[in-house]
Amino acid sequence: EDQVTQSPEALRLQEGESSSLNCSYTVSGLRGLFWYRQDPGKGPEFLFTLYSAGEEKEKERLKATLTKKESFLHITAPKPEDSATYLCAVQAGSNYKLTFGKGTLLTVNP
Amino acid sequence: DAMVIQNPRYQVTQFGKPVTLSCSQTLNHNVMYWYQQKSSQAPKLLFHYYDKDFNNEADTPDNFQSRRPNTSFCFLDIRSPGLGDAAMYLCATSRIRNNEQFFGPGTRLTVL
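Chains L and D are the protein sequences, given in the same order. Take the first sequence: its letter number 18 is residue 18 in the working numbering, and every next letter is one higher. Take the second sequence: its letter number 71 is residue 71 in the working numbering, and every next letter is one higher.
Since the hints were made in silico from the structure, they are not lab data. Quantities reported herein were computed from a predicted structural model and do not represent experimental measurements. Just so you know, even glycine gets a beta-carbon here, dropped at the ideal spot from N, CA and C. Fair warning: there could be bad hints in the mix.
Negatives, chain D to chain L, calculated, CB over 10 Å [stated by the list, open to error]: (1) GLN6; (2) GLN11; (3) PHE15; (4) GLY16; (5) HIS48; (6) PHE54; (7) THR60; (8) THR71; (9) PHE73; (10) GLY84; (11) ASP85; (12) ARG97.
To spell it out: a stretch of chain D is covered by chain L in this simulated footprint if at least three of its residues, at any positions, have a beta carbon under 8 Å from a beta carbon of chain L; those stretches are [as the list claims (entries may be wrong)]: (13) 18 to 24; (14) 36 to 44.
Take these sequences, add in the hints, and give me the full structure.
Have a look at this one:
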């Protein structure tokens, strides 16, 4: 069974304090790893798809990387508006399903 | 802008009273999904449509049904809501099954 574990569960940063969120996964035949941002009371917002180890993608202050066992979401010089829950999900084998982690709740204080 | 729309955003129903949640999309995607998300938990897939082909998850209770009358619309019917069905219900779409999914804003269901 596909498993996704995100750490830490919660992270509190000061504005400008860079850090990384971790998503470790156990799957058979990774098709894609997805990062989403979810604000309270809203649906997840798509950020990135990563397909193979070594791949990196960037968007503003966010950079996602992928290895064979985990993915990192690096946040450089975060701002308070980056505060949200960040969800990681994997799609594997012939299974269309997204298996989500429980998310990391990021709080950025001004 | 192309998007996924869910109505209503908030729904209050009584224990056992049927309720229908609505999802529409302007992305012209082939696949539409329904997820249930409870507080501080990961979204849980209930079922999906690939075009007109309905796919139920094995652990989705019979209390939950879905209809997709056309490409743009999909409905979630909860026949007899229980207190445990109170949750955020998320609709998502993707062009094909193995693509990224785009989510609507969700419907928050309260069961009294």
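Q: Please confirm whether D/PHE54 is truly not at the interface, meaning its C-beta sits more than 10 Å away from all C-beta atoms of chain L.
A: 13 Å, holds
**Q.** D/THR60 non-interfacial with respect to chain L [C-beta, more than 10 Å]
**A.** 12 Å, holds
Q.
So D/GLY84 supposedly isn't at the interface. Is its beta-carbon more than 10 Å from every beta-carbon in chain L?
A. Its Cβ never comes within 10 Å of chain L, the nearest being 19 Å, so this holds.
Q.
Using C-beta distances, would you say chain L covers the stretch 36 to 44 of chain D, given that this needs three or more residues below 8 Å?
A. Three-residue rule met by the stretch 36 to 44 of chain D, so holds; n is 4.
Q) Would D/GLY16 pass as off the interface with chain L, using Cβ distances and a cut of 10 Å? A) 26 Å, holds
**Q.** D/ASP85 non-interfacial with respect to chain L [C-beta, more than 10 Å]
**A.** Holds: least Cβ distance 18 Å, greater than 10 Å.
Q. Against chain L, does D/GLN6 keep a CB gap of more than 10 Å to every residue?
A. For D/GLN6, whose nearest Cβ neighbour in chain L is about 8 Å away, the distance does not exceed 10 Å, so it is violated.
Q: Decide, holds or violated, for the assertion that all CB atoms of chain L are farther than 10 Å from the CB of D/GLN11.
A: Given a closest Cβ separation of 14 Å, the condition holds.
(Q) Minimum C-beta separation from D/PHE15 to chain L exceeding 10 Å: can you confirm that? (A) 23 Å, holds
Q) Is the Cβ of D/HIS48 farther than 10 Å from every Cβ of chain L? A) 7 Å, violated
Q) Are all beta-carbon distances from D/PHE73 to chain L longer than 10 Å? A) 17 Å, holds
Q) How does the coverage statement for the stretch 18 to 24 of chain D fare against chain L, requiring three or more residues with Cβ below 8 Å from a Cβ of that chain? A) violated (count 0)
In this structure, the earlier hints numbered 1, 5, 12 and 13 are contradicted, and the remaining ones agree with it.
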